[in-house]
Amino acid sequence: MSTFANPEIIELLKSRFINVAIDQAYHRRQQDDEGDFYRQLASQSPRNDFNGTTQGLYAGTADGKLLGFTNHRGPDRVRQMLTQALDKFKPADFEPPQAKRFDPRWTYQPPQGGLVVRVTAKVLGGYEPTDDMWRTAFQESLSRDNLWVTAEEHKALVAGQLPESLALRIARFHLVDNTRGEPPMWERTDVKSLQLSLNAGRITGTFHLETANGKRGFQGEVLGVVETENGQVKRFDLVARGEYWGEGQFTGGAPKGKFPFAAACTLADGKDEADKVRPQASRGWVQGYLRSER
Amino acid sequence: MLATMLTLALLAADPGLTDAEFARLHAALQPEADAPWRTIPWRVSLLDARQEAARQKKPIFIWAMDGHPLGCT
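So the protein sequences, as listed, match chains A and B.
FYI, this note's numbering numbers position 291 of the first sequence as 291, with every residue one higher than the one before it.
FYI, this note's numbering numbers position 3 of the second sequence as 3, with every residue one higher than the one before it.
Wrong hints could be hidden among the right ones.
Lysine to aspartate or glutamate pairs mimicking EDC-like chemistry, simulated, CA-CA at most 20 Å apart [what the hints assert, rightly or not]:
hint, chain 1, residue 1, chain 2, residue 2
1, A, K14, B, E32
2, A, K276, A, D103
3, B, K58, A, E11
4, B, K57, A, E95
If you anchor each label on the Cβ, the simulated ranges turn out as follows [unchecked claim]:
hint, chain 1, residue 1, chain 2, residue 2, range
5, A, K88, B, Q30, 34 to 42 Å
6, B, T18, A, M133, 32 to 40 Å
7, B, D48, A, H208, 39 to 47 Å
8, B, D66, A, K192, 24 to 32 Å
9, A, P7, B, D66, 24 to 32 Å
10, A, G284, B, P41, 22 to 30 Å
11, A, T206, B, A28, 16 to 24 Å
12, B, P31, A, R235, 13 to 21 Å
Which residues of chain A face chain B? A partial, calculated answer using Cβ under 7 Å [claimed, not checked]:
hint, residue
13, D23
14, E34
15, F37
16, T53
17, Y58
18, A99
19, E221
20, L223
21, A264
Hints were generated in silico from the structure; no laboratory data involved.
What you are looking at is a predicted structure, and each value in this text was computed from that prediction instead of being measured.
By construction, the Cβ of each residue, glycine as well, lies at the ideal position given by its N, Cα and C atoms.
Only chain A is shown next, with the shape it has when bound in the complex (with noise of 0.2 Å):
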């Protein structure tokens, strides 16, 4: 995060550019408008073959010319990136056609009359010091996802019951270490325990995740509040806490043993554009997301 930590960078982006945050994975897949104008974009830089990651941070124009690309995130090059970038745009009268091809298996959206729930998460100890500064950053650093919850998930929760459906989508899909990387999620078969109950407001339970060959793991216990208003809920906070051990092909650096792990759920309110990304686990399957119990 020390690229926009930088004022200067952050100025510049605030003041001369209009900024989008969005998952590769995604674009470089989606046959629709959205993904053609991404690509467009993207192969006029280095990163122009779409059968492998195009992350890293590229200026151009609203007419798809490419002005800038690096995938340096040290301040100096990407503040050179932008400055250069600016340097070659030249205004002009252009007016963007309007989206017509919407991709379904990359362009879905949050179930009607369900609930977006925001999960945040933390390794709360274990770490050796350093004084690197990326690995610091990674360290200290919370994570988040969205949680997904179905219309018919929001009225049992409403009636008071915690379905297993969305007990499972938690703790598969969003008890994870993602703080430092996109994290492995727990196949069905990793839930060892999982004991959650809806009763008189508050959820309390137990969980126990763990891989076959016992490499991952994160057992602990869950506590959380649901207030409900006019058959809607209006809150829905939880933390999860435990011990957590091992990490993922992308998730590398996690202290070494077992260590203290939270996670945390806060009802999202939809003002923060964070709302509207899809969860982790959804990406490209959402069915298999919400049908965490197969």
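On the provided structure of chain A, position chain B as indicated by the hints.
For chain B alone, kept in the frame of chain A given last:
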């Protein structure tokens, strides 16, 4: 090693997830509202950004990651 042993010792003496610990952790796990990067007006739709860039005659800046950048808080 000492830090790990201390952490494990504290967990062993842990009374469990009490109401007070729930409230403390829930508050501690909220993102800082005034974190510098959050002051940038991010969009999540590239085509919306394109429309706005054309209207304001500004270039587009794209932060493209594996996983959504707004999840990397």
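Would the stated hint for A:F37 survive a check requiring a Cβ distance to chain B of less than 7 Å?
Since the shortest Cβ distance to chain B is 6 Å, the answer is holds.
Less than 7 Å between beta-carbons is the criterion; does A:T53 satisfy it with respect to chain B?
holds, 6 Å
Status of the given 34 to 42 Å range, CB of B:Q30 versus CB of A:K88
holds, 40 Å
Is the straight-line distance between the alpha-carbon of A:K276 and that of A:D103 20 Å or less?
holds, 17 Å
Taking 7 Å as the limit, does the beta-carbon of A:Y58 come near enough to a beta-carbon in chain B?
The hint holds - A:Y58 has a Cβ within 7 Å of chain B, the shortest such distance being about 4 Å.
Between B:D66 and A:K192, does the beta-carbon spacing fit 24 to 32 Å?
holds, 29 Å
Given pair status - A:E95, B:K57, alpha carbons within 20 Å
At roughly 11 Å apart (the allowed maximum being 20 Å), A:E95 and B:K57 satisfy the hint.
Starting from the hint 13 to 21 Å, judge whether the C-beta atoms of B:P31 and A:R235 obey it.
holds, 18 Å
Does A:K14 pair with B:E32 here, judged by a C-alpha cut-off of 20 Å?
holds, 19 Å
Checking hints one by one. Is A:D23 an interface residue toward chain B, by the C-beta closer than 7 Å rule?
holds, 4 Å
Given A:E221 as an interface hint, is its Cβ closer than 7 Å to any Cβ of chain B?
Holds: closest Cβ of chain B sits about 5 Å from A:E221, inside 7 Å.
Tell me if A:E34 is really an interface residue toward chain B, meaning its C-beta lies closer than 7 Å to one of theirs.
Hint on A:E34: holds, closest Cβ of chain B at ~5 Å, below 7 Å.
Hint check: no violations occur; every hint is consistent with the structure.
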